[in-house]
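Q: Based on these hints, arrange chain B on the given structure of chain A.
2 protein chains.
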Amino acid sequence: MAVAQLLKLLVSRSLFHARRRYSKLQLSPALSERLRVFESLREQSDKNRRREVRESPLSVRLTNGQTVKATAGVTTPHYVAQSLRRKPMFYFRVKGALVCKVNGELWELGRPLEADCELQLLGFDSAEGRQAAWRTGACVLGSVLEGVFGAEVCREGASELGLFCDHVPSSSSLSLSDVEAKCKEAAALKLPLIGLDMNTAELHELFQDSKLRMQLVEEQINGPTVTVYRHPVTFLSSVAICLFAHYFLSSQLSSITVSNQSDSSGLTRLLGVAFPGEKDRQEWEREQEEARRRDHRRIGTDQELFFFNDVSPGSCFFLPKGAHIYNTLTDFIKSEYRRRGFTEVVTPTLYSTALWERSGHWEHYSENMFTVTSEGAQTFALKPMNCPAHCLMFEHRVRSWRELPLRWADFGALHRNELSGALGGLTRVRRFCQDDAHIFCTPEQLEQEIVACLDFVRSVYQQLEKSLQQFAERWELNPGDGAFYGPKIDIQIKDAIGRQHQCATIQLDFQLPIRFNLQYVGRDGKLHRPVMIHRAVLGSLERMIAILAENFGGKWPLWLSPSQIMVIPVGGNSESYARQVVATFHEAGFMVDFNNDPGATLNKKIRSAQLAQHNYIFVVGDKERESGAVNVRSRGGKQLGSRQTEEVLRSLIHLRDTRSNQDEF
Amino acid sequence: MAVAQLLKLLVSRSLFHARRRYSKLQLSPALSERLRVFESLREQSDKNRRREVRESPLSVRLTNGQTVKATAGVTTPHYVAQSLRRKPMFYFRVKGALVCKVNGELWELGRPLEADCELQLLGFDSAEGRQAAWRTGACVLGSVLEGVFGAEVCREGASELGLFCDHVPSSSSLSLSDVEAKCKEAAALKLPLIGLDMNTAELHELFQDSKLRMQLVEEQINGPTVTVYRHPVTFLSSVAICLFAHYFLSSQLSSITVSNQSDSSGLTRLLGVAFPGEKDRQEWEREQEEARRRDHRRIGTDQELFFFNDVSPGSCFFLPKGAHIYNTLTDFIKSEYRRRGFTEVVTPTLYSTALWERSGHWEHYSENMFTVTSEGAQTFALKPMNCPAHCLMFEHRVRSWRELPLRWADFGALHRNELSGALGGLTRVRRFCQDDAHIFCTPEQLEQEIVACLDFVRSVYQQLEKSLQQFAERWELNPGDGAFYGPKIDIQIKDAIGRQHQCATIQLDFQLPIRFNLQYVGRDGKLHRPVMIHRAVLGSLERMIAILAENFGGKWPLWLSPSQIMVIPVGGNSESYARQVVATFHEAGFMVDFNNDPGATLNKKIRSAQLAQHNYIFVVGDKERESGAVNVRSRGGKQLGSRQTEEVLRSLIHLRDTRSNQDEF
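From first to last, the protein sequence lines are chains A and B. This note's numbering puts the first residue of the first sequence at 32, with every later residue one more than the last. This note's numbering puts the first residue of the second sequence at 32, with every later residue one more than the last.
Just chain A, with the same shape it has in the complex (with noise of 0.2 Å):
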């Protein structure tokens, strides 16, 4: 209690010299009265949480098992970040708390624990972090161009790349740089933004002096109430709305940057990043660098796995290169398959719009279907997904409660027609071909088949994180918000550079089975609705694909690499033997290059053979001949020496089928 009084003192110390100094600015009419709306029902507010208050002892769980004391209704996520960093013996890291999760639900940083809970903090380093970092700089934006520039503001939001915030200007011309300018003093002041919970009465009367904010409020309101954010200081109080909100931006954000400007539906939007600290800016910019530096599209051109041309927008190329790591991902995720119980199907492209009409795609996303029409009369759409296909092949005959459950997989292409404007390199395409697959199962085998599904994810991203030891960057598996009986379960990883991307899903559908009144005959002779299960893994193989090159920065593993060896002869003697070495590599099934250019010197194409990320080089003189060896370096140029040319085919055998990335053996 007396640290928590003593926190509040020094919040208002801080309002109070900021206030002083920017008590000359005026609001307008219009914002002073949004701004007395809100502080009247942030009063009633006030006094309905004081009377729901009940003042007990509760204890707080940390991520690394350690226990803290806290007071329900009154200990906030904040204070127990800040009184850890204070306690130098407590090892554990908090890093600039910004946002938390209490039992694995995101919460802001100042709302008051209510009982006995466990407590994630998540920093800047966290995409949750980032996401209310960026958030409040969305809002802090906000408020500096309605209360400081006149704008009408009506959303502001953050991606993965940043802030926005969607407005009208005012009249007079928007300097970016007057804006950047304002926006860095708001947030020098490191006070914490004041959140409201609101409901759609007292959103109307907050925002009746503008439309536009109403109307997208009214838009994106998906529950009973709705968080409200201002700045504390006057001027600032514009009210800057921040739906979807789940953050508290205590006393951190150290800069914003408002770096671009476009045109969209009519009004303006300005992007920006903001940052809690400059070291916080330093690492993002590093982070920024390096994924310049991983594009997939640079390192698919570079290493000529892929390109795209005008004459299918959104649909790649594959070069031989790139398709060979595109069928060592179906093959390894095809392997997985027979040990798994799903069986490979190979279904049609184009379906009648009697399918999908039946399906329910054609009210829902005929907008982003290709369709065709043939003989003048029936039009036919391109599958953007499986799913009707294999109610199809469940329908064709009477299913007996003996067959299930069924797995379907299959990997054929499907077409969704994005815009063009929206493509970009393998992760916005308009063709993929996913690891998708269907099962169909009886209610009682739902569990059973949905920890399976989980174990296959596992199993998979956990085959796939040997890939990356030697890089020691980690793939984190994080089942989603989705509940584990509920509709979907998002499973998010990852990358080496630390930004998240959602690939495999895990999706119930009891919608479907309804729509082709899909049956099996039961144990008990009845007929049954079976429950269908969406599930991808790997998810597009063109997307992950893209993660997977970025996330190796190009230096793939072994098993994936399309440039496993790089055969180099030295003198003449030996290139009949060093032939001998690439046939015997490539019967076992290894992609082998063979460097026999007269025109280069030995370190020329050892270094051209690094450059192409080889993962091994193999020089092969008359030493190595007599022999019967290979000279061995590594991608990273480590000499493995000369060693005998079996026990060489052995260990890349071994380091394959392994998925392993050890570079040694």
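Source of the hints: derived by calculation from the structure; they are not laboratory data. There's no promise every hint is true.
For identical chains, the list gives no copy identity; a pair is met inside one copy or between any two copies.
List of simulated lysine to any residue pairs, SDA-like, C-alpha gap at most 25 Å [said to hold, decoys possible]:
1. K132 <-> G193
2. K365 <-> C464
3. K557 <-> E335
4. K635 <-> L454
5. K100 <-> S90
6. K242 <-> E145
7. K636 <-> R433
8. K365 <-> P351
9. K636 <-> E434
10. K525 <-> A322
11. K525 <-> E314
12. K365 <-> V613
13. K557 <-> G630
14. K635 <-> S673
15. K635 <-> G553
16. K365 <-> D526
17. K365 <-> F625
18. K635 <-> R554
19. K636 <-> P351
20. K636 <-> V552
21. K525 <-> L192
22. K635 <-> R664
23. K635 <-> E434
Remember, predicted model here, so these are calculated numbers, not experimental data.
A: Same frame as chain A, now just chain B:
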């Protein structure tokens, strides 16, 4: 010489009797004139031939390696065939020769040999012999329609299914049974047709009375002359004409059946079949019955391999067992690709019409392409073939002679907009995949690449042949008429019931490299034009599966079989051991099923496994469990007895991996 004279005498005597019998029939003035022209041209031709004849000895080498003596300009293949039939000690079987090959070139039997040669006599059991019989039958039918029924015939011919004759009937209505009876009378005469080579001027003279006939002749002439045939009996002297004719039917045609009548483009078409003898007719009817039994659509349904659905006409749904065959064939070809220096690529499905205009497909093939419109403006078409995409890959960057030959394989789905009426089973589809590849090479590499392609084709079909040993039926490799350096080589294969299929193609292409302006930097540093080879070995996978299904009659060889093993436990104690057996074989990559249905007897389970064409049935009881064995039965019902599981596993892996169809081990 003496024998040849004797033969002429015999034919003349036959003619004499026939003419006496039918002399009362009157020809129309037009036909009389046509006959006069024919005979005068023939007389001229005979004179010329007599002048050219230089009677010198020659030797004829038969396909069994034996040699017979003959006289150039006098001895005909027909004479050789007749003389061989009269020598029973000649173990070389001549089964009613209908046509022959002289040095591999198709000849009629009546054309005198000219020099030392190899002679292959072909009977009704060969595709060429059957075609000869049916074309002859078509000529006889044409003669009867014109000479007896006063119709105007414009085209006779034959397809794989039988003979046909397009005509304009005379005013009198035509009774099919009358036509058939007259054809049988004519056939019963067993007289050879009289053939005469004519040039365009002579044809115009001959057919001055028939515009229709002349029109079709002109459309189909693609050499300096064409052979015209007449029946030797006067009343049949309507001079039936058969283009592409390379046959001579001597004393053999015993019956013609006119079995159907249909309308096509204003003309009436009579369809029929013709046979040299009653035995041939019976054999053909057995074949027809066998073909119905082997119909791949029936097998596809019975074995749950695939099905079709109206929501996607002409596109196949491959169920798990069908997809297994599909993938096994693909994997087989992929393993050959690896050995033969082909690399796989993956290319888009949709391409802008700009590409198809560039490749020339838009001009010549757009009717068969499915088109899609995106974002209002751009039109895309689903690819009907892969070649333009591969040309784009070639031109993607500067190519060097060092890279050539480039051999790119593509299993991408192709779509061709066949009319819905023409669709049927897996042989006429709208969506299919080919084991398609394109080779880009220098002109100097062309020969070795074509030789390698032929070797590839031979190797694949020879490996498929191994699967057929059990059936004692052979696939015949028959490189078609295309010259070695000509634009196209078609390879015909013959299935178990004698039907020929054209699956593999090797096609040179000098045009697309020009259209795409493909170039490579030669050894001389200058730009050169590559040559392109289109090639497919299996051709359409869909069609190949149909052919194989019918060829095997659903009894798939082990390596291709979607139902390799059925495990049946006997007695409750053996079930868990039986499951172990299932797991062992499943892990080794086999398709294993398990039948522990308590409602069926052991005999019933064995019977149903045999009906489902499981290659092997393992019965597992206490005795087997105790000794780690399985009791093996083959699909044919052979009891291979109790064997150690490990030994059986080793044997089956060997049989599978060598693509053997041996049952026992």
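Q: Now tell me if each hint is right for this structure.
A: Evaluated hints:
1. K132 <-> G193: within (22 Å within a copy, 78 Å between copies)
2. K365 <-> C464: Both, since 14 Å and 20 Å are each at most 25 Å.
3. K557 <-> E335: Between copies only: 24 Å across chains, 57 Å inside a chain, cut-off 25 Å.
4. K635 <-> L454: neither (38 Å within a copy, 59 Å between copies)
5. K100 <-> S90: within (5 Å within a copy, 112 Å between copies)
6. K242 <-> E145: neither (37 Å within a copy, 100 Å between copies)
7. K636 <-> R433: Between copies only: 16 Å across chains, 61 Å inside a chain, cut-off 25 Å.
8. K365 <-> P351: both (20 Å within a copy, 13 Å between copies)
9. K636 <-> E434: between (58 Å within a copy, 17 Å between copies)
10. K525 <-> A322: Within one copy only: 14 Å inside, 58 Å across.
11. K525 <-> E314: Within one copy only: 17 Å inside a chain, 69 Å across chains, cut-off 25 Å.
12. K365 <-> V613: Between copies, since 19 Å is at most 25 Å while 28 Å is not.
13. K557 <-> G630: For K557 and G630, only the inter-copy Cα distance (18 Å) is at most 25 Å; the intra-copy one is 78 Å.
14. K635 <-> S673: Within one copy only: 20 Å inside, 64 Å across.
15. K635 <-> G553: This pair counts as between: shortest inter-copy Cα distance 23 Å, intra-copy 70 Å.
16. K365 <-> D526: within (24 Å within a copy, 33 Å between copies)
17. K365 <-> F625: Result: close only across copies, 22 Å inter versus 31 Å intra.
18. K635 <-> R554: Between copies only: 22 Å across, 71 Å inside.
19. K636 <-> P351: within (22 Å within a copy, 48 Å between copies)
20. K636 <-> V552: between (67 Å within a copy, 21 Å between copies)
21. K525 <-> L192: So K525 and L192 pass the 25 Å test inside one copy only (15 Å; across, 62 Å).
22. K635 <-> R664: within (14 Å within a copy, 63 Å between copies)
23. K635 <-> E434: between (61 Å within a copy, 20 Å between copies)
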